[in-house]
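Put together the whole structure using the sequences plus the hints.
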Amino acid sequence: MKSDFTFRLLHFSFLLLSVTFITVSSVDAQIVIKDETIRIGDWLIINDWDGVVVAHEKPADRHRFSPYLDLGINNWVTPSSQSDVPNVKGWGSWYVGLGVSKVFAVNKHIRFNTGVGFSWYNFKFKEDDYRLVNLGDKAGFEKETDPNIKSLKSKLTISYLDAKLIPTLNFPKSGFSFGVGMYGGIKLTNYTKIKYKEDGDKDKDKDFDRNHVNNFRYGLRGELTFGHRVKLFGTYDLNRVFPAGEGPKLHPFVFGVTVFSAN
1 MKSDFTFRLL HFSFLLLSVT FITVSSVDAQ IVIKDETIRI GDWLIINDWD
51 GVVVAHEKPA DRHRFSPYLD LGINNWVTPS SQSDVPNVKG WGSWYVGLGV
101 SKVFAVNKHI RFNTGVGFSW YNFKFKEDDY RLVNLGDKAG FEKETDPNIK
151 SLKSKLTISY LDAKLIPTLN FPKSGFSFGV GMYGGIKLTN YTKIKYKEDG
201 DKDKDKDFDR NHVNNFRYGL RGELTFGHRV KLFGTYDLNR VFPAGEGPKL
251 HPFVFGVTVF SAN
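Taking UniProt numbering, the leading residue of the sequence shown gets 1, the next gets one more, and so forth.
If you are wondering where the hints come from, they were derived from the structure by calculation, not from laboratory data.
Any given hint could turn out to be false.
Subject to a maximum C-alpha distance of 27 Å in a straight line, what follows is the list of computed DSSO-like cross-link-like pairs (lysine-lysine) [to be verified]: (1) Lys-89 / Lys-138; (2) Lys-102 / Lys-206; (3) Lys-143 / Lys-206; (4) Lys-150 / Lys-197; (5) Lys-173 / Lys-126; (6) Lys-138 / Lys-204; (7) Lys-153 / Lys-89; (8) Lys-124 / Lys-249; (9) Lys-187 / Lys-138; (10) Lys-138 / Lys-193; (11) Lys-89 / Lys-187; (12) Lys-126 / Lys-197; (13) Lys-173 / Lys-102; (14) Lys-126 / Lys-193; (15) Lys-126 / Lys-204; (16) Lys-193 / Lys-249; (17) Lys-124 / Lys-153; (18) Lys-173 / Lys-89; (19) Lys-153 / Lys-197; (20) Lys-197 / Lys-102; (21) Lys-193 / Lys-150; (22) Lys-108 / Lys-195; (23) Lys-187 / Lys-206.
Pair by pair, the computed Cβ-Cβ distance ranges are [what the hints assert, rightly or not]: (24) Ala-244 / Leu-152: 15 to 25 Å; (25) Pro-67 / Phe-112: 14 to 24 Å; (26) Asn-87 / Lys-173: 58 to 68 Å; (27) Asp-205 / Gly-227: 39 to 49 Å; (28) Gly-227 / Lys-138: 21 to 31 Å.
For every residue, glycine included, the Cβ atom is placed at its ideal position computed from N, Cα and C.
Given below as structure tokens:
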């Protein structure tokens, strides 16, 4: 095996030197010789079934930096005992995350994906006549009972400043990677928005920062990447939308896709 490989390598080298000039970019290039491969710096010479193949491998960037955009659908987990909580629409309850991320590679298989950015929950209610209201010492949902008012839309929006850390297993040849980590965020603002008709006239109301929404959030995030291009993600908030005793027990979750990112 070695003698055959050596003959092929010498033959290939003779042909290569006869038609081109080779410029050595660094005298410190490392040379590693194995049974069927020889690595010279970033160049790899392979003795496979089809003969001798020469390939150039781009050095892995261990500290890549890039913007990211998360798009998903958000909902929340509701205890069955809380019948006064409206259902959330699947289509239209969009989650958006926008920020910058950085990859710290330990080696080609282990990396840490980090990021800082902004995120928005949009909970659109299926029951348009439900609205989130401030009940003094807590928040709650009430149903519109005025016969002169026809509810058209009702939603809750919350925005955060977030940070994440995702330990990830990476398989470069297949383009597959998998990671599970943590995230945390500080609430920037929240508001409720309702659209309705009153006596035939359309109107809308917004109510900012008066609904006992938790000032912080933290949870688990999972990421799956296929073919170096398609990245799916999911999140689950371990804390509640409202602090204990100040509203229904609701835990948000998201499923979505990262449109572009560092990895």
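Taking the hints in turn, this is what the structure says about them:
1. Lys-89 / Lys-138: holds (24 Å)
2. Lys-102 / Lys-206: violated (37 Å)
3. Lys-143 / Lys-206: Given pair Lys-143, Lys-206 holds - Cα atoms ~17 Å apart, limit 27 Å.
4. Lys-150 / Lys-197: OK: Lys-150 and Lys-197 at ~5 Å, within 27 Å.
5. Lys-173 / Lys-126: violated (45 Å)
6. Lys-138 / Lys-204: The given pair, whose Cα atoms are some 23 Å apart, holds under the 27 Å limit.
7. Lys-153 / Lys-89: Holds: Lys-153 and Lys-89 sit about 11 Å apart, inside 27 Å.
8. Lys-124 / Lys-249: This hinted pair holds, its Cα atoms lying about 17 Å apart.
9. Lys-187 / Lys-138: holds (18 Å)
10. Lys-138 / Lys-193: holds (18 Å)
11. Lys-89 / Lys-187: holds (23 Å)
12. Lys-126 / Lys-197: holds (17 Å)
13. Lys-173 / Lys-102: Judged against 27 Å, a Cα distance of about 21 Å means the pair holds.
14. Lys-126 / Lys-193: holds (14 Å)
15. Lys-126 / Lys-204: holds (17 Å)
16. Lys-193 / Lys-249: holds (21 Å)
17. Lys-124 / Lys-153: holds (8 Å)
18. Lys-173 / Lys-89: violated (39 Å)
19. Lys-153 / Lys-197: Answer holds: Lys-153 to Lys-197 is near 10 Å, not above 27 Å.
20. Lys-197 / Lys-102: Violated, at about 48 Å.
21. Lys-193 / Lys-150: holds (15 Å)
22. Lys-108 / Lys-195: Judged against 27 Å, a Cα distance of about 52 Å means the pair is violated.
23. Lys-187 / Lys-206: holds (18 Å)
24. Ala-244 / Leu-152: 15 to 25 Å: Given about 33 Å between the Cβ atoms, the range is violated.
25. Pro-67 / Phe-112: 14 to 24 Å: holds (18 Å)
26. Asn-87 / Lys-173: 58 to 68 Å: Violated, since Asn-87 and Lys-173 (Cβ atoms, about 44 Å apart) do not stay within the stated range.
27. Asp-205 / Gly-227: 39 to 49 Å: For Gly-227 against Asp-205, whose Cβ atoms are near 46 Å apart, the range 39 to 49 Å holds.
28. Gly-227 / Lys-138: 21 to 31 Å: violated (48 Å)
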